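Novice: Generate the whole structure from the sequences, applying the supplied hints.
Read off the chains here:
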Amino acid sequence: MPINVGVGLSTNKDPILAAQEALQHAKTNFFHEKIGLVFIFATINLSTPVILKTVLASIPEVPVIGCSGAAVIYDEKSYNNGLVIMLLGFSEGVYFNTAFVNNIKNKTPITAGEELGEKLLYGFKNIPRDLGLIFCDGLIDNTQDLVNGIQEKLGRSFPLVGACASDNLKYARTNIFHNNDLLSDSACGVLWGGKINFGLGIKHGWKPLGKQHLVTKSYGNIIYEIDSQPATYLYEDYLGCNVKKLQSELRFISVLYPIGIYVPGEEEYLLRNIRSIGSDGTLILQGSIPESSQVRLMIGTKESCLQATNQAIDDVNKGFSGKSASFVLIFDSISRYILLGRDAGKELEIIKKQFGPEIPVVGLYTYGEQAPLTAIGYRGKVYLHNQTVTLLAIGG
Amino acid sequence: MLSYEYLISILGVAFLIIIISLVAFVLSKMEKIKGLSSIIESLNKSLDEMDEQAKLIVRTDIELNKTQEELDKKIAGLYTLQKLSRAISTTLEGSQIFKMVEANYLESLGFEKTCGFLWDSQKNEFLLQMSIGYSEEEMSAIKAAISKDRDFFLNFIRNEKTTSSMSLTDIALKNKIEKTLRSTAFVIAPILPKEGEKGFFAVATENTDTSITDGDEELITILANEIGQALENARLFEKTWHTQQQLEQKVEERTRELTNALNAVKTIDKRKSDFVSSVSHELRTPLTSIKGYAAILLTGKLGTLPPQAKERLEKINRHSDELGHIVNNLLDISRIESGKMVMNLGKHSLKEIIGKTDDLLSGQLKENKITFSINIDPDISVLVDPEQIGRVLINLIGNAMKFTPAGGKININARRLNDGTAQVDISDTGCGIATEDLEAIFEEFYRVENTINQKVRGTGLGLALVKRIIKAHQGKIWVKSAVGSGSTFSFTIQQG
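Protein sequences, first through last, are from chains U and E. Residues in the first sequence are numbered consecutively from 16, following the numbering used here. Residues in the second sequence are numbered consecutively from 1283, following the numbering used here.
Heads up, none of these hints are tricks.
Below, simulated DSBU-like cross-link-like pairs (lysine-lysine); rule was C-alpha separation at most 35 angstroms, straight line:
id, chain 1, residue 1, chain 2, residue 2
1, U, 260, E, 1337
2, E, 1327, U, 259
3, U, 222, E, 1337
4, U, 317, E, 1356
5, U, 260, E, 1461
Keep in mind the hints are simulated off the structure, nothing from the lab. Model, not experiment: these values are computed from the prediction.
Specialist: See below:
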């Protein structure tokens, strides 16, 4: 098998002890002679530079990438306080390169994206590249531009999958891990090439409801007007309440009734969570929305959510076409965690059951996911998504 | 020319037909457009109606979701509460009860911070019992704030009503508590044990998404009640434990006193036995001499005695015999008690032992006209010293004879018991013994006050000796009697 995997988990509240414990477990399960790449996912309380130092003190000069999450996922369980370390060992013929970009706001997301794309391409001359994986700060306003920038360098139809880091729903600071550095306002990634196979599944399960509406004024992730009226009017009208009530019930509204952007030629709507509701009638979204977008109010249920999970698994399997995966990365939207509530574990159980006990499922709950809108073929523009379960199975 | 006109007219007709056709076409199109407009209008209407329905769906859906979330929260809360209650109820130490509230329980209830205080009326302040999710610095600030606003919290306890960031109508107060507890939402519930110091239990969260519901208030109230009940139980347990400790201490002290007293009595008893033993020894030698000399004098070998002197000497002789008997009995009691008298135990037929006694006493019984009957289970073998048991029987039958008038009856019954012993009952139809004397008759020198005893001489040592002999055989002796109804003396001895 060209990729060897060792995964370790710790729920210790002390970052040093957690890092030592998770690394120890990961090493116990790792049977390759050389660790090539390390993935780290940690809840915000364990996201400290000391975990990176502890890991690199034990396995120096191994590239590390990862990010913080509201909860981390290992197999069929999620942990509000946890650290997951995944060690990867590659056989000959698999190529990869990691890189990061910081100061995204200053550089502008598109420029930063181009910089990251360019850095990722380093050493890939004459080597066919297969897949890009990125982790970015979950509080960047225009992640779509960042993705666009990366695609400018890697190719506009190059398959790119990613996750927006999250914190404990305080939206205060999210962290990116790259080697020794714990960063914010940054993004990091890995570019793979050579003998690598992957299957991608991305689905949300929300359905459009009511009439289509037109975004008449927007900028970045802020909608000012829909149908030439203050943007909040859409929700006031549908929910039959005023802005103040909307603000107090934002948690429900954001998760249950996101805005769906119609993408011509695509079957699925692109979802946008509402991060906040301005008293001036503006809607601030978890991701950008172009002016003149045709939008619908979306509605989701636990059942439709879990149905989408099954569809995402099917898509992964279709992409793999008979080959077996070494590990599965899961980027699950925090909105699904909130909507599913007690059934959040059920979603992870479905996924774990489908891939089987031998294949580790590792990931986190995110503030956004990046992937092409349609998983099959992986070709096409990569979007920033909200509310999806994104499954990326990688094998040799 | 004609053809030209003809052509013109044909063209005219054709033009007319075209015009008519066009008009007809336009009219039909207009009709179609009108129809389509009507369809569009109808579709728009349907779309509007569907949009209205969508609004209804969304409004119903959000309510359903909120209810569902509240239900989920309640189920999770109740589940957590059950686990927490179980943990709390297993603790009977007041100081440990608050420590049972662990962070993971709290998180399941939707909070990440908590603190508990109890009022100390002696120190006149609220004392911190536990905290989770606060740094030491934060806790110091909270303690200071609560101390400053102690009247509010004392009033709150007196009102016995849970409050929260949802139910508190005084916005300034709500903000103040939120600031004190470093939170965006909180619930405070009073802790009200029936007795002892009262207090309050606060849970809080900084999560801006959390809004307190009635369910939260109910759960935290139940939890505070559980804590109150556990404190009450701990107090009662402590009280009971202290009482028990005091009792145990008293029992120990009393036992020690009694042991000391018993040892003192034993020492005194031993001294008495030693004294009696040595006195008896010392008495026996001169008594033998007195009796010997009296006997010599009575033989007349030393000269004929005047009748008065002979009478006096006979009295000396008789009294010497009685005194010798008393001294021997005392000596035996003393020897048995000190363990110096060894019982020569062996297997013997009870019937034979009783038969020998019968031989000794039959003459006297006939003389006193007393009917004597023996009823013994055949072949009862006993492990006894036959000489000593013979003494017991002679004593008991002798007593029975003494107190049974002429024409009366004395019966001896003996039977095996299931516990490996044999019981011998000696019953008479004598005057009987008063209830108050039943226990005392086995004590040394105790003599029942009755007319017979006044007439018949006795030492008051017979039953005391009998009791000790039976005890030395690991047996028991007791008496059943009532005045005027005769007496039954019973004793047990080991079967052989």
